[in-house]
Amino acid sequence: MLWEPVLWGQLLIHGVMLAGLYGLLALGLNLVFGVMRVINFAHGELVMLGAFLTFWGYTALGLHPLVALPFSAAVLFGVGWALQRLLMERVLGGQPMAALLVTFGLSLIIINVGLLVFGADIRSIPVVSGSLRVAGFVVPKARGLAFLTAVALTVATVAFLRWTAFGRAIRATAQHPEVAITCGVDVRRTRLVTFGLGAALGAAAGSLIMLILPMDPQSGSLLILKAFAVIIVGGLGSVAGSLLGALVLGIAEVFGSFFIATVFGEVMAYVLLLLVLLVRPAGLLGIAER
Amino acid sequence: MLHVEGLEKRFGGLRAVDGATFRLQPGVITALIGPNGSGKTTTFDLITGNVRPNAGVVRFEGRDITGLSPWQVARLGLGRTFQLPRLFGEMTVLENMTAAVREGTLREVVHRALKLLDFVGLTAHADAPASSLSYGQRKLTELARVLMLRPRLVLLDEPFAGVNPTLARAIADRLLALQRQGTTFLVIDHDMPLVMGLAETVLVMDMGSVIAAGAPKDVRDDPRVREAYFGTARP
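Taken in order, these protein sequences are the chains called G and C.
Our numbering numbers the first residue of the first sequence as 2 and each following residue consecutively.
Our numbering numbers the first residue of the second sequence as 4 and each following residue consecutively.
Just chain C, with the same shape it has in the complex (with noise of 0.2 Å):
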């Protein structure tokens, strides 16, 4: 699905990312973890093509897709949203979904907008301005957008800080629900219990590369992972 080798992307002296390696399996939710200042939104970047690497190789579906622009990663089929939602607030929630999509009629781009509305929860949403949105609902508004492209990989940056319990859950339950259809999908997250009820699979990164991947179980226990997150570990 996704194949990413020795990324590397270094701001002045900061090795932000330094030759992260990984692969996703597809039809898997992969969670991305580490601690602040990791390099997992950086990666991410690495991978839609908004940050260029020093140094590494991105694959996506045996293709190479290294250097390629952003919005040529989004039409094969690789969708992002953000740690912040970014809407385009002076459209509605309606014109957002069916801002970037060219195929088919507009009479069909509305048509799937409002289903993914639906599935999302915000039809009555559809025709309010985006800057009318709560956060929560942003939140939503982005996961729907992204859709619209009909990735087959979506990176999700966050997706469940700064919403309540009961939203978290529901977007968890939309991203199984979209799993299930065959969708993978990388997620950046803090909210550990969360992300290890919904990950088959965990990336840990610690000083911009991948330090552990494995089950949430296994990588829970690994003492790399511990000592990353709470310093070296004392008997």
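Chain G extracted, bound-state conformation (with noise of 0.2 Å):
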């Protein structure tokens, strides 16, 4: 294809502010990962009900969507705290599998009451509309407006996770949790909380996701492919890997899908999966296996 400026920096900015919602969308699940070292199968489905709920909260009560989404994190937060105190303490610390299969079988429950419950329509929140022109560039305004809560969220959690006491504690439960207990740590309050955050980013995620594409309550599975491969391409725990996976899926999609077809940026995810475990598998930043 030509080189034409104008058009790939209109691909470029389509594929950053792609990867400012993937950032977010695998924020959680990493978050989970470092405290737990348990990949959350769950994730995606709980990104889906935090989606939902927001969709509710549009269409039932009329709240706009930037108004519903802390209510709905707020609400998956308790969700993962209770996920956490009532299921996953019992089997994290034993077989890694055991805690593996509890998150995988939490996900079909989930899918499936989720269609129960909200049926298998297909919803979006299409409650902004139209675009702006930046610099000579189109900017869709549903996606700017999810862009910068993405990144003004994933920010505020970074903040939270490095300036905070409570940040630190969960970092050192993360990296070392049998010397954070002895420096005064409370390492099960530090799970259950992380957990809850991990949940509140997802709904977060998901709400914002809603806001520029469809879902239906299956769509939790696509979505933690897209975490999935963003986490390991940058790297397992590691926060700043994970931004960078965040970058490099969302501009491999938006340019896999312009310049070779349009389901291939829905494979983007796999192809980057595949290659970075072949070629680097500890991810780009990724710590190996301790």
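Hints are computed from structural coordinates only; laboratory data are not their basis.
Virtual Cβ for every residue (Gly too), placed ideally from N, Cα, C.
Be a bit skeptical, because a hint or two may be false.
Pulled from the structure, derived: some chain G residues nowhere near chain C, Cβ distances all over 12 Å [said to hold, decoys possible]:
1. Ile14
2. Trp164
3. Cys184
Covered stretches of chain C, going by a simulated chain G footprint (3 or more residues, C-beta under 8 Å) [unchecked claim]:
4. 65-74
5. 82-94
If you follow the hints, you should be able to join the two separate chains into one complex; please do so.
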């Protein structure tokens, strides 16, 4: 394809905007993995639940999705907390496969309950429409809004982890739970909050994704694949890595679907996963398995 | 200060700690010595709640702390360090120091952390990743980190092992300075001359129980101690 700066710039902007959402999507999954050392297969379903709660707030209560988002995140925080308290605590620290299977089973249950409650229809929240022209490039308002909100939430989360006492306790627990506990960190409570936070971040990501992409109760399984790709490409457990991974996936999807075929965008996650696992299994900024 | 009575821990058929009983006086540095496998580190683990005892009671400042979680014990003012220093490798030295402290504003906590880093001579490394430190520096960081909890009693597991004599002396001097300020220490170590010069009281463990306690000189001459270390004494 020809070198056309405006076209390439436009594609890049779209890629980066998508990356902002993928970064937030993967952040919660990565946080939970970092602290619990377990991949939460139900993360995509928590994302879907958050999105549908926001959708419900929009249709039933007439709330703007950005107003409904904090409520849906708060509810999912509670859901995450309860799942950790009632389910995950019983399997963590035992067979790793047991914890994986529990989250896998959970995702199946949530999908099917979602189908019962919400129906199988594809929903969207088309509340923001139109687009802006910024320096000669077209920026759809919905995408711009979703992107900016996602970036703000990601920055806030990273700042929370870095500069608050509780954030440092979460990082300490992720790195060395048995040392954190002798330093006075209530590791059990830290894990409860982390799972809640992971679910809340997922809910926020889902709500924002629903602004630009239609979803149904089964969409979570597609979204978690993208989140997987992001954190595998970036490196498991590395927050900076997952942001880089999101950038790679977002841009690859946009360029792939434009230059190769529209469907190729959806294939990119798999392609990147395979490439990274073949060439650099620890991920771009990943730490080798300790 | 600390009152340990009839502490017992079995791992399968092995009695790692078998009825250990002792008291620590406040403001005193006490050494805990004994042959390898005599149960010293397990005793630490039992006191701090890292391992649950099968029997026995641990009282700290009159309060029964048996079976509390390690973080509760730490927050009560009973800190510990490990045989091999364990730091949060992906955090800076300063972040390691502030990882657990909840009281006070961040500014106050950082101020205190910097003062303690100055105390152990690591100010220049405050912003270095903990993983970049040398072994000796890690030991010092771990010591400074446990002090962040303002502990009244600190259990040190081999603070002098693997560090050069100059650094060992420096660590010993810091402990004496802290002791003068009222901190109580229980120190496991194998460096006999250093421990004997540092500690006012020595506890000797063998086969999971405390077989002797007293002033360093008396303990050194105790025939049971000689037997534990060197086998049966021959006349």
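- Enumerated hints in conflict with the structure, sorted upward: The structure breaks hints 2, 3; every other hint is satisfied.
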